[in-house]
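Residue numbers (the working numbering), protein chains in the order written: chain U, 1 to 364; chain L, 1 to 643; chain Z, 1 to 205.
It should be emphasised that the hints constitute simulated quantities derived from the structure, not laboratory data. Since the model is a prediction, treat every value here as computed from it, not as a measurement. Be careful, since some hints might not be right.
[Said to hold, decoys possible] Label-pair restraints from in silico Cβ distances:
hint, chain 1, residue 1, chain 2, residue 2, range
1, L, 515, Z, 169, 29 to 39 angstroms
2, Z, 182, L, 361, 49 to 59 angstroms
3, L, 158, Z, 182, 36 to 46 angstroms
4, U, 218, L, 99, 48 to 58 angstroms
5, L, 521, Z, 182, 24 to 34 angstroms
6, L, 639, Z, 182, 23 to 33 angstroms
7, Z, 169, L, 639, 40 to 50 angstroms
8, Z, 140, L, 639, 24 to 34 angstroms
9, L, 575, Z, 201, 34 to 44 angstroms
[Stated by the list, open to error] Below are the BS3-like pairs computed for lysine-lysine, each with C-alpha atoms no more than 30 angstroms apart in a straight line:
hint, chain 1, residue 1, chain 2, residue 2
10, Z, 183, L, 575
11, U, 7, U, 342
12, L, 232, Z, 31
13, Z, 60, L, 232
14, U, 19, L, 459
Even for Gly, the Cβ is constructed at its ideal location relative to N, Cα and C.
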Amino acid sequence: MYRIEIKGPRELQNEVLDKELCSACGACTNLCPYIDMVAGRAVMIEPCNLSEGKCYDFCPRTYIDVPTLDNDLFGTYRSDLRIGSNIMVIKARARDDEIKSAAQYGGVVSALVTYALESGEIEAAVLAGASIDQINPKPTVVRNRSDVLQCAGSKYIVCPTITEVLEAAKKTTGKIGLVGTPCQVTSVRKMQASKFETAADKIGLVIGLFCTWALLPQAQDYIKDLVGSVNLVKFDVPPPPANMFIIETETKKVEVSLDEMRRFIMPACNVCFDMTSEFADISVGTVEGAADWNTVIVRTGFGKELFRQAREAGIIETAPLEKERLDHLYEASLNRKKKVLKEMESKKISCLIIREEDRSKLLS
Amino acid sequence: MSYIGIDEPGKRMLLMGNEAIARGALEAGVHFCSGYPGNPASEILTTLSDVAKEFDSYVEWSVNEIVALEAAGAAAISGLRALTAMKNLGADVCADFLMTANLSGTKGGFVLVTGDDPSAHSTTSELDTRNYARFAGIPLLEPATTQEAKDMTNWAFDLSEELEVICMIRTVTRLSHSRGVVTLGPIKPEKRSANFGFQDMWTSGSSRITCMLHSILHEKLKKAQAKFEESKFNWYVGKDDADFIIVTSGTGWLYSLEAVKLLELEEDVGILKLGTTWPLPEKLIASHLRHAKEVLFVEETDPFLEQNVKVLAADLAIEGFGPIRFYGKKSNSIRGEFGAGTGELDVDIVIQALTEIKELTYVPTEKEYISKAQELLSSIVPSRTMSFCAGCPHRASLWAIKKALKWDGRDGIVTGDIGCYSLAMLPTGFSVARTLQCMGAGIGTANGFGNLRRFGLNKPVVALTGDSTFYHACIPALINARWNGANLLLVVLDNNTTAMTGHQPHPGSGVNALGQSSSKVLIENICKGIGVEVQVCDPFNLDEAVQNLYEMLQTDGTKVMIFRHACPLAFPQEKKVRVYVDQDKCIGEECGCAKFCTRVFGCPGNIWDYEEGKAKIDETICNGCGFCAELCPEEAIIIEEAA
Amino acid sequence: MMEEPLNLVITGVGGQGNVVASHIFASAASKDGFNVSVGETYGASQRGGAVMSHVRLSEKTQYGPLIPRGQAHIMLGFEPIECLRAVTGFGNRKTRVIVNPRPIYPIDVLSGVSKYPPIEDVLEAIKKLVSSVHVVEATELAKEAGNPIMQNIVLVGCLAGTEFTPVKIETLKEVIEETFAEKHPRANLKAFELGVEQIRRIKPI
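Using the sequences provided together with the hints, build the complete structure.
Right under this line is the structure:
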C-alpha cells in the first residue's frame, strides 16, 4: 500500500508553487482567502496555519495516486498502460449543423455537453469560455445550448476551469459537469476521493481533453504584437509534422512557427504523465488528418451509457478508428510517459504514484 | 473642557500644558498663529483656533512647518504678535527659514514653540530641539510646570519684541500632555495693524551684510543673557552652599524635587532650576558652581545643559572654580532603558542616579513584590501591540497592497511614511511596509529604490503616504520621480483628515483651522498637473482595488493610486447597523478559513470565542463598516439594520 | 489623613476613555481645592495600545506628572490585563484596585501569537500583589445606563463611592454635567450613580 501524507499550504508552496509545477488547473483557488489564481499560476497570499489542507489534497501535482484513482473509478488498476483504463476508442462527430460550424474539429465535446444539459443529466457545466478579447479563456458556467456554443473551440492558452467548479456545484440541486484538461480532471477526481467534504459529489459528467501542453497567458502579448488589435476568431495547431501555430483573425490567417510559441509552454506541462485525460468519463481529442472528426475514449460505465444514449438520440455519429491512427495514439501517449518519467526522475519529482513494475518498464 | 479665554485673572484652572501655552499666548495678545499637527504640540493650535473668533485672531493649519513659520514671520515683521507651534521633527522642516529668520529679525513678538517627545512615544526620533536654539543663536525658554508654560509663553512675546529676535519655547510630551493647576493672568488683547511696505527690508542678506547681522544677533543674545540673570524662571532651593547640587530644567525640576524628598536628601542637596536655558545665565550658574563639588544634570534627552555648563566651568577654572565632578549623561548616571541620553526622565531615574552617586539604598517596593510581579508579567500578561481602529480603511488598503504585490510575484518593496498608516510596519498592517523615517520619506526614498534597476534592483516599488502627508512633503518628490524617471507607484491613503494627531483638517478637507469653508486642493489634480497617471479607488471595494493596483504594477513609470475612504472616527457612520457572526455558518479553524478574520485580518472588532471555537463580533468595538463580512469565505458575518 | 501625594493610576486600552475619566476626576479634585497633576500617554498609543493616566493629589504642592514605580495608592483598571500590567509596575502591597473584568483582546492574542489568560487567573494575580480588589462589571452597568462606552464613568463612580479619595461626589457630578453638557449629561450621570451604588453593594474579592 502506498502511504499518502496529506500536507498543507506551506508544502504546497514548497513542493509545487516554488518548483514551477503549477499547471493553473484552479483546484486550490476559491477554497479560502489565501490562494488566488493570477496570470496562469496559483499565488499564495500567505500560508494559513493549518498543517493539512484541501489545497494540498486537491492539487494534481502534490501526489497522483494512480492505483487508488483507478480503483475508485474503474474498479481495478488499469490494464492498458499506454492510454489508461478504457472501454472503447472510437471516432465520432456531432451531427447538428450549428454545433459543427461552431466547433474546431468534430464538435463532440459541445454535442455531449449540450445533450447532457438538455436531457437533464446535469443542470450546469463548467467550460473554458472565450473571454472578450478572444485570447484569454476564462471558466464559464453554462446551462443551455447557446451557452455551450459560446464556449466552443479549442483553447491553447491555459484556463483555470476548476476555480469555478465547487461554487457551481454548491449552487445546483442536481448534478454538474465539466470539461477539462488532464490535470484538471485529475484534481476533480482527487476532490471526489478526498477526506475533506465538498460539493464535489455533485459532479456528474467529467469530459477530459487530450492535451500535450498549454500556453502561459503571457503568450497573448506576443500574439497581439503579431496581429495588432483585431478580433481573433481561433487558434489552431495542425498535427505534426506541420510545426505550426495558426492565428485566425476576422480578416487573415497568420502562421507562426511552433518553435516561437514553445517558450510560452507552461513548465508544469513538461512533467505531465497524462496525455489523454485518463480519469475522465469520456476523453476527446482530434483525429490526425480528419479535421471534422474527434477521437473519443470512453472509460467509465457512466460515460459508456451517456455516449450510447447520445448516439441513439442522433446527437453524434461514430465510426471505427483506423488501426494506424490507434497505434499512433498508443505510441504517442506511451512515448510521452517515458519521456516524462525520465524528466521526473532527473528533477527528483516524486508526485506520481504507479506500480513499481510499470515504472521500471517505462524507464527501461 | 473649560473655556480657555475666560477673563478672570487669579482664577485657578486645571489645564493641559498645551492649553496653558495657548492661554499664555492669549494673555500676550497673540494675533497670528500657525503650525502643523504634530504630537505633542497639536493641541496648542487647536485651543487657539477654538477662541480665534472671540479674540479676533488668525489661526491657520499650514501645509507644513516651514510655511507655517514663514507665514508667522511675515505677520511678525509686519508688527503683529505671532506664534508657531510644531513637534520636534517639525523644527527640522522649518530649519531652513529659522536659520535666516534669526538674522533677519522681527518687529512684533515672534515665538516658536517646539514639542519634543523623549522616549519617542509617538515619533520616529527623540531629537532634542534645544540644540536649535543654540544653533540658531536665539533665546530659549523651558517651562517646568503648566503654570510656567503659560507664564513663559506670555513673557516670550515681550522678550522677542524687546530684542527684535525670534524666541523659542521647548516643551516635552510630559509637560504638554499633563494637566496641572494654573492661575490665570489678565488678557491684554492689543489691536494692531499690520504694516510692511517699500520702506521695509527683511532679510538675512549675504556676504558682509550677513556677517554684520550675525554680529547683531550675538549682541541680542548678550542682552537676553543679562535679562536671564534676573529672571523669575530661574531659582535655587536647598542648602545655600551645598556640596552637591542638581542642575535641572523642564520636567526635571519636579522629578528632582520628588526624588530628593523620597531619599530624604533635602538637607544635603541643592537644586538649581533653570527656565532660561539659552543663553545660560552664567553669573547665576557660576554663583552655585562656586560652592558645588559635585553637580548632577537632570534634563530630558540631550546633555544640553550638561555640555554648556561644562564649557562655562572650563572658562571659570582660571578663576579658581572647582575641581567639580560632573554627573549626568556622560557619566551614565541619568539613563533610560537603553542607556544615557535616550528615553524620558522620571522620578525613578533620578533616584537611581542619586543612590548610585551617593551610595545609598532605596527600595521602592519589596524585592518579593518585584520578583512576583516580574513572573506574572512574563507568564500570563500578553503584550498589546498597536492596531488600526475598527473600520479603518488603512487595513483594507494594506491588504489590497499585500495581495497585489503577491500577485505580482517580484518581491516588491513598500516604503512607509508618517501617519496612522505608519502602523503598516506592524502585523496590524500585515507588516507590508519595510521603511519609516520622516514626513515624505516614503516617496523620497522610493525615488532612489525606483532608479536602481541599472544596479540590479528590479522590483516594483510602492511608496505609501497619507493625504495630509502628501500635501506636506510629497509633491517635490513626485515631481522628481517624473522628471528623473523613477519607477514607482505612490499609494495615497486618503481618509480625508489628519488622523493620527487628532483629526485636524488639511488642504483637501474643504475646511480650515477656523472651521470656515475653504477651497479644496485635490490630490488627483496635483498629480494630473505633474503629469503622472493617477487613479482613485475605494479600498473597501477590495477586488477592484487589488486588480487596479496589480495592473498599475505591470508597467513602468511614475504612478499614483489614491485609496479614498473617510476615517470612521472623524466621520462616524450615521446609519447604525448591527454586525454579528452566524455561528452555524462560521467554520472557524477549519480548512477554507483558518480563522481569517481574527488571525489574519485583525480588526479589533473581530474576536475569537475560545470556548465555542467560533468567531464573534465585539459589538462595543465594531463600528459597522461591514468589510469583514465581505471577506468572510463562508458569508457568515451578517449586517443588519439596528433597531 | 490623605497620602501626600495621593497617587491614582487609571489604566486601560486606547479608546476606552482614560483621558476623559482622569480629566473628570482631576477637575473635581481641583474644584475641591487640591493641587492636581495628571500625566497621560497620548498619540500613537491610542491605536489599540495600552494607556495609563497618572493622577496625583496634594494638599500642599504640585507634583510631577509621573508616579514613581511602586507608589500608586489606587488603581482603576478599565481592562483586566492592563490593570495587572500597571499593578506590576506601579502597585504595592497597600494598593487598592477597582477593575472591570471584561477583556479587550490585543491583536497579539487574536492572531494567535499570545494567549489571553483566564480572567480568574488575572484577578487572582492582581489580588496576590495588592491590598484589595473590587471587581465591577462596569460595561454591563454602562449598558444599563444607555451605552457600554460609559464604563469609564461607571468606574469613576465606583471610585467616588469608596472612601479612597477625598474628592466629593457632588463635585464629581458637577464636573460630569459640565463635561457632557452638550451630549447625554443624564446618561453619564446615571452611569456615575450606578457605579457609586455598585461599589457600596459589593465586597472585594
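Each hint tested on the structure:
For the pair residue 515 of chain L and residue 169 of chain Z, the supplied restraint of 29 to 39 angstroms holds, since their beta-carbon distance comes to about 37 angstroms. Distance hint check: the CB atoms of residue 182 of chain Z and residue 361 of chain L are about 53 angstroms apart, consistent with the given range 49 to 59 angstroms. At roughly 37 angstroms, the beta carbons of residue 158 of chain L and residue 182 of chain Z sit within the given window of 36 to 46 angstroms. Between residue 218 of chain U and residue 99 of chain L the beta carbon distance is about 55 angstroms. The supplied range of 48 to 58 angstroms therefore holds.
For the pair residue 521 of chain L and residue 182 of chain Z, the beta carbons lie near 32 angstroms from each other, so the given range of 24 to 34 angstroms is met. Between residue 639 of chain L and residue 182 of chain Z the beta carbons are some 30 angstroms apart, a value that agrees with the proposed interval 23 to 33 angstroms. Taking the beta carbon of each, residue 169 of chain Z and residue 639 of chain L are about 42 angstroms apart, inside 40 to 50 angstroms as hinted. The supplied range of 24 to 34 angstroms is met by residue 140 of chain Z and residue 639 of chain L, whose beta-carbon atoms lie about 25 angstroms from each other.
The beta-carbon spacing between residue 575 of chain L and residue 201 of chain Z, approximately 39 angstroms, falls within the hinted interval of 34 to 44 angstroms. With a C-alpha separation of about 18 angstroms, the suggested pairing of residue 183 of chain Z with residue 575 of chain L holds against the 30 angstroms cut-off. Between residue 7 of chain U and residue 342 of chain U the CA atoms are separated by roughly 26 angstroms; this keeps the pair inside 30 angstroms, and the hint holds. Restraint check: the Cα-Cα separation between residue 232 of chain L and residue 31 of chain Z comes to about 28 angstroms, which is no more than 30 angstroms; the hinted pair holds.
The suggested pairing of residue 60 of chain Z with residue 232 of chain L holds, with an alpha-carbon distance near 21 angstroms, which does not exceed 30 angstroms. At roughly 21 angstroms between alpha-carbon atoms, residue 19 of chain U and residue 459 of chain L fall within 30 angstroms of each other, so this suggested pair holds.
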